[in-house]
Amino acid sequence: MRHRPRGENIIRFDSVGLRYGLGPEVLQDVTFALPSGSFHFLTGPSGAGKSSLLRLMYLGLRPTRGRVVLFDRDIATTKRYELPALRRRIGVVFQDFRLLDHLTALDNVALPLRVRGVRESEIQKHVPELLAWVGLADHLGAKPSTLSGGQKQRVAIARAVIGRPDLLLADEPTGNVDDHIAMRLMYLFEELNKLGTTIVVATHNELLVQRFIHLPRVHIEHGMVTKVREAMEGG
Amino acid sequence: MFGRHSDLPLAGDATSRFLPWLVALMVFMAAMAVAGAFVISGVIDRWDHDVSGTLTVQVLPAGGEQAEAATDERVHLAVEVMRKVPGVLMVKAFDKKRTLALLEPWLGGTDVVQDLPLPRLIDVTVDANVHIDLAEVAERLSRAVPGASLDDHRVWLSRLINLSRTIQWLAIVVVALIGAVTSATVVYGTRTGMAVHHGIIEVLHLIGAHDDYIARQFADRAFALGIAGGLMGLGMALPALTAIGWSARRLEGGFLPSLSLPLLGYVTIALLPLLAAGLAMLTARLTVHGTLSRMP
Ligand SMILES: Nc1ncnc2c1ncn2[C@@H]1O[C@H](COP(=O)(O)OP(=O)(O)OP(=O)(O)O)[C@@H](O)[C@H]1O
Ligand SMILES: [Mg+2]
Chain A
1 MRHRPRGENI
11 IRFDSVGLRY
21 GLGPEVLQDV
31 TFALPSGSFH
41 FLTGPSGAGK
51 SSLLRLMYLG
61 LRPTRGRVVL
71 FDRDIATTKR
81 YELPALRRRI
91 GVVFQDFRLL
101 DHLTALDNVA
111 LPLRVRGVRE
121 SEIQKHVPEL
131 LAWVGLADHL
141 GAKPSTLSGG
151 QKQRVAIARA
161 VIGRPDLLLA
171 DEPTGNVDDH
181 IAMRLMYLFE
191 ELNKLGTTIV
201 VATHNELLVQ
211 RFIHLPRVHI
221 EHGMVTKVRE
231 AMEGG
Chain B
1 MFGRHSDLPL
11 AGDATSRFLP
21 WLVALMVFMA
31 AMAVAGAFVI
41 SGVIDRWDHD
51 VSGTLTVQVL
61 PAGGEQAEAA
71 TDERVHLAVE
81 VMRKVPGVLM
91 VKAFDKKRTL
101 ALLEPWLGGT
111 DVVQDLPLPR
121 LIDVTVDANV
131 HIDLAEVAER
141 LSRAVPGASL
151 DDHRVWLSRL
161 INLSRTIQWL
171 AIVVVALIGA
181 VTSATVVYGT
191 RTGMAVHHGI
201 IEVLHLIGAH
211 DDYIARQFAD
221 RAFALGIAGG
231 LMGLGMALPA
241 LTAIGWSARR
251 LEGGFLPSLS
261 LPLLGYVTIA
271 LLPLLAAGLA
281 MLTARLTVHG
291 TLSRMP
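Chains as they are written, first to last, in my numbering: chain A, 1 to 235; chain B, 1 to 296.
Each hint should be verified, as a subset may be incorrect.
Where chain B lies over chain A, by a calculated footprint (3+ residues, C-beta under 8 Å) [stated by the list, open to error]:
(1) 54-65
(2) 100-109
(3) 215-221
The calculated label-pair distances, taken between Cβ atoms and stated as ranges, are [said to hold, decoys possible]:
(4) B/R250 - A/E120: 30 to 36 Å
(5) A/G117 - B/W21: 54 to 60 Å
(6) B/L275 - A/K125: 40 to 46 Å
Example chain B residues on the side facing chain A (calculated, C-beta under 7 Å, incomplete) [as the list claims (entries may be wrong)]:
(7) P9
(8) A11
(9) F18
(10) I200
(11) V203
(12) L206
(13) I207
(14) G208
(15) A209
(16) H210
Keep in mind the hints are simulated off the structure, nothing from the lab. Every residue gets a Cβ at the ideal spot worked out from N, C-alpha and C, and that includes glycine.
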């Protein structure tokens with residue numbers, strides 16, 4: 001894991017605007033910065049633009065205007081062949097998981113390592129370890145279609161963290177699971193955060209936000225960041 | 001190539017079903033063309049050898065009043081024409097006396113022969129290393145000098161050589177065309193495959209896969225299909241070539257030089273499946289790179 005001094009910004013948006021095709025701007029003048037090692041909620045009503053904002057952060061889209069600086073690199077001036085190296089420092093839990101249906105849980109979680117060219121012996125050692133840690137030791141060979149919603153979610157999270165990312169982006173990671181599992185996932189994220197990973201969890205689950213009221217949040221409405229609440233001391 | 005890891009379920013794709021058959025056809029045609037090219041070039045070499053060395057130009061005597069002078073003029077013109085042909089080393093006309101001397105064994109040395117309108121001969125020495133299109137020279141000669149002609153047998157061989165060369169080029173063009181169709185099929189199949197597996201490709205892309213990581217998987221698949229098709233084509237070509245060679249050997253008179261395929265020909269044909277699969281692989285790879293370069 002790359003240890004970054006806390007406080008330095010891991011990501012910064014400057015007057016970022018985004019539109020899909022010729023449609024209206026779904027993000028307008030978004031400006032904020034996330035310090036390295038922080039843990040933020042990204043909140044806002046449905047359709048506010050949370051997923052779109054995350055998509056910009058994990059380099060799934062380029063902004064139509066403004067500036068995105070990720071790991072001290074201005075994305076607009078970064079060469080295309082340099083982007084994979086940046087993406088490998090980001091773990092993403094997609095809103096709809098995006099597991100590959102024809103691969104086993106083990107192979108799904110192994111993907112980020114295979115993409116990096118990690119040796120197969122390493123993969124066979126670390127991936128089962130992580131899957132056991134998220135409680136799926138008995139489902140290494142299971143295809144996603146045979147897993148429950150909560151199990152899929154844990155596979156998706158394991159895939160997001162297997163590469164020890166500097167930045168973890170989770171889009172509604174508690175959307176499809178019961179309260180109990182939602183809490184467990186949040187504790188898991190807090191553990192990762194203590195190990196140095198910067199975390200952003202997008203959610204419109206106010207209950208969850210209230211339970212973790214000590215965490216800072218970025219609130220977005222109608223494509224505009226309306227407030228950034230800093231962390232409460234001693235939370 | 002085989003057994004390499006793949007994240008994309010490409011083996012089940014229906015779009016690439018025809019690829020092996022196309023590659024088989026390409027390899028079959030290419031094998032025929034290569035065999036033909038080797039045999040023909042062997043034949044050409046031998047014929048070229050026959051054609052080179054010395055040539056004879058025959059000039060028919062002119063009629064009319066000043067027959068003798070007119071004939072001399074024709075010979076002179078023919079010599080000029082032959083001298084201008086590249087690759088010609090020496091041109092020597094036999095005057096009437098030399099011609100008569102040559103004919104003496106048959107006609108005798110009488111005065112009567114002196115007055116016969118005898119054709120004149122011109123001896124032409126050519127550089128054996130230079131290929132001369134004799135058919136073309138013959139035509140030029142007979143156009144420039146009435147009654148002048150080149151040695152028939154050799155002109156005919158030269159025409160055969162020209163024909164063989166045309167056939168060789170035709171074979172190359174046919175193989176190139178089939179290659180282009182195969183490439184187009186690979187491009188189409190790859191694009192379709194990428195559309196079908198768009199979701200998977202996007203995930204790979206977002207977790208930091210380089211374009212080549214994805215391209216390689218399509219390329220491996222195309223290579224495997226290409227090799228399968230190539231071996232199939234080779235399997236069809238070898239019995240066909242054996243059969244053709246066998247019947248040619250029965251036909252072979254004194255006229256055709258032996259029609260055997262040299263070792264290099266067999267090696268080239270054996271490499272064809274690999275070449276075809278390589279073409280499919282390269283095309284798939286470039287196609288994926290082209291499509292992915294539009295992703296952010
Ligand atoms: N691929 C797309 N093409 C066009 N418009 C899109 C696309 N994705 C999102 N949008 C639009 O952008 C706006 C923001 O959508 P986004 O998915 O970012 O919202 P969200 O905050 O994640 O909502 P939710 O909480 O329901 O997930 C919406 O108006 C949506 O219609
Ligand atoms: Mg969303």
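Structure-based check of all given hints:
Beta-carbon proximity to chain B at under 8 Å applies to 5 residues in the segment 54-65 of chain A; the threshold of 3 is reached and the given coverage holds. Under a criterion of three residues with beta carbons nearer than 8 Å to beta carbons of chain B, the stated coverage of the segment 100-109 of chain A is upheld, 4 such residues being counted. Counting residues of the segment 215-221 of chain A whose beta-carbon sits less than 8 Å from any beta-carbon of chain B gives 0, not enough to reach three: the coverage restraint is violated. At roughly 59 Å, the beta carbons of B/R250 and A/E120 sit outside the given window of 30 to 36 Å.
Separation of A/G117 from B/W21 is about 35 Å and departs from the stated range, judged on CB atoms against 54 to 60 Å. For the pair B/L275 and A/K125, the beta carbons lie near 41 Å from each other, so the given range of 40 to 46 Å is met. With 7 Å as the threshold, the beta carbon of B/P9 comes within range of chain A, its nearest partner Cβ sitting at about 5 Å, so the hint holds. Nearest Cβ of chain A to the Cβ of B/A11: about 10 Å, over the 7 Å cut. The hint is violated.
At a threshold of 7 Å, the smallest CB-CB gap from B/F18 to chain A is about 23 Å, leaving the interface hint violated. For B/I200, the shortest C-beta to C-beta distance to chain A is roughly 6 Å, which falls under 7 Å, so the interface hint holds. The beta carbon of B/V203 comes within 5 Å of a beta carbon in chain A, closer than 7 Å, and the hint placing it at the interface holds. Checking B/L206 against chain A by beta carbon gives a least distance of about 6 Å; that is within 7 Å, so the hint holds.
About 5 Å separates the beta-carbon of B/I207 from the nearest beta-carbon of chain A, less than 7 Å, and the hint is met. Interface restraint check: B/G208 against chain A, minimum CB-CB distance 4 Å, threshold 7 Å, status holds. The interface hint given for B/A209 is met, as the beta carbon of that residue sits about 4 Å from the closest beta carbon of chain A, less than 7 Å. Proximity of B/H210 to chain A holds as hinted, the smallest CB-CB distance being about 5 Å (cut-off 7 Å).
Checked against the numbered hints above, the structure violates hints 3, 4, 5, 8, 9; every other hint is satisfied.
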